[in-house]
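Novice: Kindly produce the complete structure, drawing on both the sequences and the hints.
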Amino acid sequence: MNFAKKIIFTFLFTFNSYYYIYPQNFFRIKADFSIKETLPGEKSRLIMGKVFYDKNHKKLIYDINFPEKETIVITDSFMIIFSGQKREKIKMPSSNDFSIFHLCLNSNLAGFGLKNSPYIIEKVEKDSDMVITTYLPPSKFSNTFGKVMLSQKQKKLFGIVIFNVNNEVAGKQFFKNYANYSGMEFPGEIVQIIYNNKEEFYKVTSFKNLAINEMRDENIYNYSVAE
Amino acid sequence: MKHLASFFFLGLFSVNLFGVNAELFILDEEKITSEFFTLNQLENILLEKENISESELTILNEQYNLNNSFSSGDTSRHKDPLYGIPAFFWGFVPGLCGGFFAPCIYGIPLIIGSSGVGIVANLTDEDSSGIKFRDMVETQKAFLGCAAGSSVGLGISIGLIILYYPSLGCII
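First to last, the sequence lines map onto chains F and E.
This note's numbering numbers the first residue of the first sequence as 1 and each following residue consecutively.
This note's numbering numbers the first residue of the second sequence as 1 and each following residue consecutively.
Simulated from the structure, these hints should not be mistaken for lab results.
Possibly wrong hints are sitting among the right ones.
Here are the computed lysine-lysine pairs in the DSS-like style, where the Cα-Cα straight-line distance is at most 30 Å [to be verified]:
#1 F/K172 / E/K31
#2 E/K141 / F/K91
#3 F/K176 / E/K49
#4 F/K86 / E/K49
#5 E/K31 / F/K153
#6 F/K89 / E/K141
#7 E/K31 / F/K155
#8 F/K115 / F/K203
#9 E/K31 / F/K156
#10 F/K147 / F/K91
#11 F/K123 / F/K153
#12 F/K198 / E/K31
#13 F/K69 / E/K141
#14 E/K49 / F/K208
#15 F/K69 / F/K58
Specialist: Now the structure itself:
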């Protein structure tokens, strides 16, 4: 009996330890998204659809169904827009490594990836339940980029404040409504505030129905962009 | 006592500094909710309705005062062709004229045709790197138009010469 108890205990201990020694490898996200934003001239915009991202393929795919059916694929160097029979290619700097999807899959969202970037920590402060870290750009870019302040609550990214070179607030982002997906924390809503000509513009991105590491729709995660 | 008082005031000052930075991370939830009240209503309508027709989309766009363009503030993706003329024809027409009126001087069609290419390259050039890349595409279309126009113009001209001046056709 004692021997049986030892076997059961060893099995349970090993089984539970497995998840600490080998944390789950998150590599793929799919979600329903909506983007609502206010624009100059009292206009507004609503975009809805599905988003797909695989950190190994490094392609961010937006399958949009409103306001019009189109697919946008963002790779390392380009944004390719597929709309009906039309295809448009726009060159853009690499941004997928700093997308919320890539950061979450690599468990780097809490620091927004700044820890492993050329940005330097200037100071860390604590205010009640919030930890605020101030990052400075590398000296050679100090005339181009301003500082970034990052706040965390309960070890989760709460907000980012981006400054311009004149030390004025250029934009803010807030990460809300976190949910846990098999050990991966993902915000259900991101609120962005953009300051332009002394006006404030808002952008709210919402995510629902997240699926992590699903093995279906392989072709969408590795969307073909060949001409 | 003096040191204690200094420490006390230093602590107060430090707390004020923390307070100022924390204020940067205050979000006015009520303002956000009121800004997006109508868009939230529209989102709920769209979530309930699976298939929506184009006419219904148009009505919704107008009703909710939406900007239908995807890229943020940048409507160049849906920009009209230069003065309403596709880039291909900016090169084709001058190339056609050059090819038709100067069949024996082979450089002239391209020189005249390239004026259309030059117009497209310069007038569609703007200051964003993304737009510049697209302008290369437009310029390429104009260049292809120029090459096509020149060939067609040259072909028509030579054809007419052979038709009306068969003896000259032998020289060509």
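Novice: Does the alpha-carbon distance linking F/K69 and E/K141 stay inside the 30 Å limit?
Specialist: Holds, at about 27 Å.
Novice: Is the straight-line distance between the alpha-carbon of E/K49 and that of F/K208 30 Å or less?
Specialist: holds (17 Å)
Novice: Is the straight-line distance between the alpha-carbon of F/K115 and that of F/K203 30 Å or less?
Specialist: Status holds; Cα separation ~26 Å.
Novice: Does F/K89 pair with E/K141 here, judged by a C-alpha cut-off of 30 Å?
Specialist: holds (15 Å)
Novice: Checking one constraint from the list: CA of E/K31 to CA of F/K153, max 30 Å. Satisfied?
Specialist: holds (22 Å)
Novice: Straight-line Cα separation of F/K86 and E/K49 no greater than 30 Å?
Specialist: holds (27 Å)
Novice: Can you confirm whether the C-alpha distance between F/K172 and E/K31 stays at or below 30 Å?
Specialist: Since the Cα atoms of F/K172 and E/K31 sit roughly 15 Å apart, the hinted pair holds (cutoff 30 Å).
Novice: Straight-line Cα separation of F/K69 and F/K58 no greater than 30 Å?
Specialist: Roughly 23 Å separates the two Cα atoms, so the pair holds.
Novice: Is it true that the CA of E/K141 sits at most 30 Å from the CA of F/K91?
Specialist: Holds, at roughly 18 Å.
Novice: Does the structure keep F/K198 and E/K31 at a Cα separation of 30 Å or less?
Specialist: holds (17 Å)
Novice: Measure nothing beyond the straight line between the CA atoms of F/K176 and E/K49; if it is 30 Å or shorter, mark the hint as holding.
Specialist: Holds, at about 27 Å.
Novice: Hint check: E/K31 vs F/K156, CA-CA at most 30 Å. Holds or violated?
Specialist: Holds: E/K31 and F/K156 sit about 24 Å apart, inside 30 Å.
Violated hints: none; the structure is consistent with every hint.
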